[in-house]
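Chains as they are written, first to last, in this note's numbering: chain R, 4 to 146; chain Y, 2 to 235.
Since the hints were derived computationally from the structure, they do not count as laboratory data. Only a predicted model underlies this, so the values are computations on that prediction, with no experimental measurement involved. Yeah, the Cβ is synthetic: ideal placement off N, Cα and C, and Gly gets one too. Please note: incorrect hints may appear among the correct ones.
[Said to hold, decoys possible] Pair ranges (Cβ atoms, derived):
{"#": "1", "chain 1": "R", "residue 1": "LEU34", "chain 2": "Y", "residue 2": "ASN12", "range": "49 to 57 Å"}
{"#": "2", "chain 1": "R", "residue 1": "LEU58", "chain 2": "Y", "residue 2": "ASP136", "range": "33 to 41 Å"}
{"#": "3", "chain 1": "R", "residue 1": "VAL137", "chain 2": "Y", "residue 2": "ASP136", "range": "52 to 60 Å"}
{"#": "4", "chain 1": "R", "residue 1": "LEU131", "chain 2": "Y", "residue 2": "ASP36", "range": "54 to 62 Å"}
{"#": "5", "chain 1": "R", "residue 1": "VAL127", "chain 2": "Y", "residue 2": "ILE120", "range": "51 to 59 Å"}
{"#": "6", "chain 1": "R", "residue 1": "LEU38", "chain 2": "Y", "residue 2": "GLN70", "range": "38 to 46 Å"}
{"#": "7", "chain 1": "R", "residue 1": "VAL31", "chain 2": "Y", "residue 2": "GLU138", "range": "48 to 56 Å"}
{"#": "8", "chain 1": "R", "residue 1": "ARG117", "chain 2": "Y", "residue 2": "ASN12", "range": "29 to 37 Å"}
[What the hints assert, rightly or not] Derived list of chain R stretches under chain Y, where covered just means 3 residues or more per stretch with a C-beta under 8 Å from a C-beta of chain Y:
{"#": "9", "segment": "21-31"}
{"#": "10", "segment": "38-44"}
{"#": "11", "segment": "123-133"}
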Amino acid sequence: MSARSTLRPRSVQPAWSFEYIMWFFTRVSGLTMYLLALSGVVGAFILGARTQVDLQTLLRWMFFPNRFHVEPYLDDAAFWVTAWWQIMQILIVFFAVSHGFNGLRVVIEDYVGRSFWRPLLRSVVFLLWLAMLVIAVFVILQA
Amino acid sequence: MKISLKLYRYNPEIDKKSRYETYQLEADPTDRILDILEFVKGYIDGTLSFRRSCAHGVCGSDAMRINGQNRLACKTLLRDLHGNKVTVEPIMGLRVIKDLIVDMDPFFENFRTVLPYLINDEPAPKTERLQSPEDRERFDDTTKCILCACCTTSCPSFWANDEYLGPAAFVNAHRFIFDSRDRAADERLKILSAQNGVYRCHTVFNCTLACPREIEITKAIGEVKRAISTGSLK
Ligand code: FES
């Protein structure tokens with residue numbers, strides 16, 4: 004018998020689409036949020052949260068390390084208003100807001116078929132996402 | 002044993018809305034649901050409409066919702082249902098034409114979208130396109146599909162939007178994407194990664210539970226997703 008005649012390429016060009024990229028982003032952003040929250044907690048502990056902060060404050064700090072959340076407790080809160088922590092806050096807000104609004108987008112794509120509502124709802128979600136980010140960054144930089 | 006059979010009825014020429022009719026019957030635990038439906042049609046009400054052809058789980062025409070689960074009437078024994086109450090309804094997500102018959106057009110439209118046939122423009126060898134047993138094994142599971150629509154009509158994403166290609170279309174795309182004789186994997190992967198493709202799948206597993214051929218559908222969809230992301234057809 005002759006060798007098989009089907010020497011096909013064992014791989015093709017990946018077929019990345021917008022849907023694929025957002026699917027991937029959902030997973031990565033979920034993971035990233037955990038890492039950022041963890042780094043926030045570690046930072047708080049280093050600053051003395053072990054003795055000075057209660058659990059609620061710590062949780063708030065975890066998900067939104069804004070200086071107002073710890074100021075009454077920590078004397079050297081000024082340290083947190085450095086560019087480094089502002090960037091951390093912006094990152095965590097970016098991932099959380101984008102992850103959440105992408106979820107809303109997926110609900111729309113799943114449940115709203117081809118109709119006049121679909122582009123409308125998509126635009127509403129996009130604008131809300133943008134507005135949230137702009138407001139959050141403004142608040143962080145003002146804090 | 003005595004059973005109470007509740008049937009979904011809808012005759013578009015008479016009924017404004019669908020209704021249920023209940024029959025009290027005598028049946029054997031080894032009777033199939035198809036036998037019971039045939040009995041009702043033959044001896045009680047000849048207007049009862051449903052599809053069936055092979056009566057042996059091969060043609061895929063008698064998918065219906067039996068006690069809330071998508072099954073083939075010809076492969077479901079009364080004793081499998083563990084009780085004497087039987088409810089039979091049409092599969093969901095497709096328009097009911099009459100009684101248990103639904104309009105399968107959107108389903109087959111989605112099926113055709115994924116190019117479910119061998120594509121290879123290379124000159125054909127003298128005898129045949131050979132394939133090693135391992136290469137054949139690669140897509141064996143998805144060759145088992147009989148297009149009964151049990152999977153697709155058990156999927157919440159499909160209920161919500163019948164433009165969603167659905168698990169049956171993915172299974173049949175998988176069957177050719179991983180076939181070493183085929184050359185159109187990239188074309189299919191593009192179709193599957195688009196708006197109505199595999200990213201509307203949220204791994205609910207209803208399809209895998211519903212499949213009367215026990216195809217591991219969710220796994221096949223996972224493999225398609227991996228091929229989309231890496232391009233690997235291994
Ligand atoms: S009648 Fe053919 S599959 Fe059931």
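Is 33 to 41 Å a correct range for the gap between the Cβ atoms of LEU58/R and ASP136/Y? 58 Å, violated
Are there three or more residues in the segment 21-31 of chain R whose C-beta lies within less than 8 Å of some C-beta in chain Y? With 5 residues close enough to chain Y, the hint holds.
Taking 49 to 57 Å as the hint, is the beta-carbon distance of LEU34/R and ASN12/Y inside that range? 55 Å, holds
Take a look at whether the Cβ-Cβ distance between VAL137/R and ASP136/Y falls inside 52 to 60 Å. 54 Å, holds
Taking the beta carbons of VAL127/R and ILE120/Y, is their distance inside 51 to 59 Å? 41 Å, violated
So is the segment 123-133 of chain R in contact with chain Y by the C-beta rule, three or more residues under 8 Å, or is the coverage claim wrong? violated (count 0)
So does ARG117/R sit 29 to 37 Å from ASN12/Y, Cβ to Cβ? 31 Å, holds
Do VAL31/R and GLU138/Y keep their Cβ atoms within the hinted range of 48 to 56 Å? Because 34 Å falls outside the window, the suggested range is violated.
Could you say whether the range 54 to 62 Å given as a hint is met by the Cβ separation of LEU131/R and ASP36/Y? 56 Å, holds
Given coverage of the segment 38-44 of chain R by chain Y, checked by CB-CB distance under 8 Å (3 or more): violated (count 0)
Can the suggested window of 38 to 46 Å be confirmed for the beta-carbon pair LEU38/R and GLN70/Y? For LEU38/R and GLN70/Y the Cβ distance comes to about 42 Å; the hint holds.
Hint compliance for this structure: hints 2, 5, 7, 10 and 11 are not met, and every other hint is.
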